[in-house]
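2 protein chains.
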Amino acid sequence: MSRDQQGRRRERRVVGGLKQLPWRHYRNVYKPIEVLRPEQLEKIHEASLKILEEIGIEFLDAEALSILKAAGAKIESGSQRVRFDRGLVLESIAKVPREVMLHARNPEHNLTFGGNHVNFGSVASAPNVSDMDRGRRPGNFQDYCELLKLVQTYNIVQFTGGYPVEPADRPPATRHLDAHLAAITLTDKLWHPYSLGKHRISDAVEMICIARGIGKEQLKREPSLFSIVNSNSPLRLDGPMLQGLMEMARHGQPVVLTPFTLSGAMAPVTIAGALAQQNAEALAGITMIQLVAPGVPCMYGGFTSNVDMKSGAPAFGTPEYARAAMAGGQLARRYGFPYRSSNACAANAVDAQAAYESEMSIWGAVMGGVNMMLHGAGWMEGGLVASFEKFILDVEMLQMMGEFLQPLEVTDDTLGLEAMTDVGPGGHFFGTAHTMARYETAFYSPILSDWRNYESWRLAGAQTAEQRANAIWKQALAEFQPPPLDPAITEALEAFVAKRKEEGGVPT
Amino acid sequence: MSRDQQGRRRERRVVGGLKQLPWRHYRNVYKPIEVLRPEQLEKIHEASLKILEEIGIEFLDAEALSILKAAGAKIESGSQRVRFDRGLVLESIAKVPREVMLHARNPEHNLTFGGNHVNFGSVASAPNVSDMDRGRRPGNFQDYCELLKLVQTYNIVQFTGGYPVEPADRPPATRHLDAHLAAITLTDKLWHPYSLGKHRISDAVEMICIARGIGKEQLKREPSLFSIVNSNSPLRLDGPMLQGLMEMARHGQPVVLTPFTLSGAMAPVTIAGALAQQNAEALAGITMIQLVAPGVPCMYGGFTSNVDMKSGAPAFGTPEYARAAMAGGQLARRYGFPYRSSNACAANAVDAQAAYESEMSIWGAVMGGVNMMLHGAGWMEGGLVASFEKFILDVEMLQMMGEFLQPLEVTDDTLGLEAMTDVGPGGHFFGTAHTMARYETAFYSPILSDWRNYESWRLAGAQTAEQRANAIWKQALAEFQPPPLDPAITEALEAFVAKRKEEGGVPT
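Respectively, the protein sequence lines represent chains A and B.
Heads up: the first sequence at position 228 corresponds to 228 in full-length UniProt numbering, and the numbers run straight through without jumps.
Heads up: the second sequence at position 14 corresponds to 14 in full-length UniProt numbering, and the numbers run straight through without jumps.
For the record, the hints were derived by calculation from the structure and aren't laboratory data.
Treat the hints with care, since some could be wrong.
For chains that are exact copies, the list does not tell them apart, and a pair is met inside one copy or across any two.
Claimed, not checked - Each computed SDA-like pair below joins lysine to any residue, with the alpha-carbon atoms no more than 25 Å apart:
{"id": "1", "residue 1": "Lys-310", "residue 2": "Leu-49"}
{"id": "2", "residue 1": "Lys-74", "residue 2": "Gly-427"}
{"id": "3", "residue 1": "Lys-31", "residue 2": "Arg-333"}
{"id": "4", "residue 1": "Lys-74", "residue 2": "Arg-250"}
{"id": "5", "residue 1": "Lys-499", "residue 2": "Glu-418"}
{"id": "6", "residue 1": "Lys-198", "residue 2": "Gly-295"}
{"id": "7", "residue 1": "Lys-310", "residue 2": "Gln-475"}
{"id": "8", "residue 1": "Lys-216", "residue 2": "Leu-181"}
{"id": "9", "residue 1": "Lys-499", "residue 2": "Thr-112"}
{"id": "10", "residue 1": "Lys-501", "residue 2": "Gly-312"}
{"id": "11", "residue 1": "Lys-499", "residue 2": "Gly-115"}
{"id": "12", "residue 1": "Lys-216", "residue 2": "Asn-106"}
{"id": "13", "residue 1": "Lys-31", "residue 2": "Gly-402"}
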């Protein structure tokens, strides 16, 4: 597992003047934290099967209902409520592969989900965008592109989470075409289309095939796309998400089934109840996927948090959230599903609250055994804003967690007894050979933290972390270079987009 | 372990208008994170024994040297360097009790250290103090007292860490008398004297005996005090700390042996090397304590962090720090010692950096199996400042961690299937009986986090967490009421202080 520390650090890549960690694949070699005892885990499993058997889930799509009916699910005549035998559920979910590798257009950026792999992605789906210079404003295509550039710049942001901000100034019927073209040309990392009907997915499939120069059969064997389905909690999946989910499954691309179970609002006011409901909804969706395409990869997402019971406002990064993220990981591992969680916070400012809520989420996710951390960089206000400064703050916090996951090296060489002998009592290690051989690469080098003493910091302008983050993202954008792409591919993509726009895009 | 959620929450105590968690004893029922594999742990253990056998530790005190010599340690004539047979070390440290309960003058505030007990303390020993209204200034007695009032106010701050700020405007020879009198009268929680020579300790012993109305024999059986000894890394213990340590041991009061091993400066540039040195120094000090008073309680402290190799500035809450905190816990548990760690950060402002560095420290400590978290509330700038706003920020972060440690309850009642049946697909849980019965106490209620939506937050003044913290500590001080104390005890304490002042205090 562990590599030579110096060797590892020598890889550190510098993009322009920006320091950062090199591109790496992360694994969590520590044991996940288990907040549920084994019998508690089984009790939640049993409760969710009972929900599926007795309460049922609504599927608002005729095609989905007919597939479920054919598979033996119980649907009363004229009803959209589906009740599942546990046998059908357990048999279906057993077909989910334990790991899936997703193929980016740059193969260096392929990522594996499952096992102890940990992958960090950007914020997704924020309706608004914010930074210190331009303020808070509705999502738009220019900001969408700028956030993609930050995704591409920072190695720790290993994939794009959907649209980092909604490019709401582009027409709904063709917005996805512009968005995907930008995701392919401004980054060479994984990105994902939205399961909003069948056609956005089929367009994304065409575009990633062009981008990678492959056909649909190869794409099935080497999936590239993923999509998130947030069931309409409680206990419902709507038509567009089911249409998208089925289209993804038919193309062999994984869906991440993530119920958004806000305890106290769309789920019971208890975390146990919210987890049981989360699990029932996820198992229902995953069963649906496996009925459409047995053995297709898919993932289990946990997004249980709580609301403020005084105001109804959703809260994130709470103690309840952290325990639910860890319990979600236990549930995912119980079934062998790759696990998705998030870096969420409810803060309105890029301040201490934003940091501590995000840290609670990050620790909850990582020590919960997360494989896919969505909303890793830039998420604010419970998902209502993508913030440029928060993006940089998150890059720092994710890099620190990435470093935390690097195993300690305990060898005769690292123990350094010779250096201690030379230095002796009361000395210091600054100039020793042991130090000199390692000092440049010994420790994590932050991008945002300021470790100067107070006086130096004050004389340099007494900037907060938010102010420093502001300068950092501006420098990153100023230095941005798009990743190489064969001009013939760009041309083919542009032609595809032009043709689909002529056709009017997707039905809205 | 787990108590009825409603029952537990009903305890929530409100001090004046301040909301906060009730006084509780915390236990970590989750498994600590192990960053060292078993063979790595053994390798560090072996290396530290080799350091003690071959390199040795300097003891700058004649009495300590003679005790060590009598016990069979090797000391070359005219030298203060002590080399230890592993037999002597292992036999001595085996005598340390696995747990120790410390007795506060209010028995409700007694705390047990060891096992899976988790106790949070305040900042200790900062030379400066800071808040938004009065700026950054040298430590003084008024601020010392105000910080004690915050310690007493907040239940999550379970003990006072030494002097939260140095009351540097009081004369050195008698400062400890004023400081201890204030600690006893403004709080009824545990506090600690400094191991700076024998006399400060013996004065503290007299004062806690008066405060509790007990004699020294009872104090031995029911210890009240603890003291921190930071060895002079590398590999040295100085005279005043040894004199203090021996006096503590003779009175049966525990010392927390905490080497301050800054990797790259006072310890090797590798975390493994710094841990081996930390362990060697701690074992040497604990061996010394056990030779003075076999079986006396003591604790193992880990404070390994790293410096910024470009500037030499110490860094805290780094990925290296978090892993070292967890490895320190593994070492402590290997020997059965209660474990002390810290909530440290290097930030100059109460901003996102302060929060994320502290969160890394808190998670490192708690999931490292900490029993005593020193510097839990108020520590800034690598310990150079006690900040009033940071104190409140830390109270929030510690409360969140305290809540995280509460086990989830998974029962038929909390699973809430009946509520789900009633609500059904597409509904919501706001008005259900299941929700109404629990909504007031269902979730952690923050003291600092602002969960309002952006527009409400902006209209209310767009305050950052730091600004809100400023209002909170001022309210806490305005509402402060000292804990009850028998006036005869206060009088006796004041008489003792007056007498000792007349005598000139301690030699300086």
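Here is how each hint holds up against the structure:
1. Lys-310 <-> Leu-49: Cα proximity of Lys-310 and Leu-49: none, with 32 Å in one copy and 57 Å across.
2. Lys-74 <-> Gly-427: Between copies only: 21 Å across chains, 77 Å inside a chain, cut-off 25 Å.
3. Lys-31 <-> Arg-333: The answer is both: 12 Å in one copy and 18 Å across copies each meet 25 Å.
4. Lys-74 <-> Arg-250: within (24 Å within a copy, 76 Å between copies)
5. Lys-499 <-> Glu-418: neither (70 Å within a copy, 53 Å between copies)
6. Lys-198 <-> Gly-295: Answer is within; shortest intra-copy Cα gap is 20 Å, inter-copy 73 Å.
7. Lys-310 <-> Gln-475: Cα proximity of Lys-310 and Gln-475: across copies only (22 Å, versus 42 Å in one copy).
8. Lys-216 <-> Leu-181: within (18 Å within a copy, 79 Å between copies)
9. Lys-499 <-> Thr-112: Cα proximity of Lys-499 and Thr-112: none, with 34 Å in one copy and 72 Å across.
10. Lys-501 <-> Gly-312: Neither, since 41 Å and 59 Å both go past 25 Å.
11. Lys-499 <-> Gly-115: neither (41 Å within a copy, 68 Å between copies)
12. Lys-216 <-> Asn-106: within (18 Å within a copy, 73 Å between copies)
13. Lys-31 <-> Gly-402: both (15 Å within a copy, 21 Å between copies)
Hint compliance for this structure: hints 1, 5, 9, 10, 11 are not met, and every other hint is.
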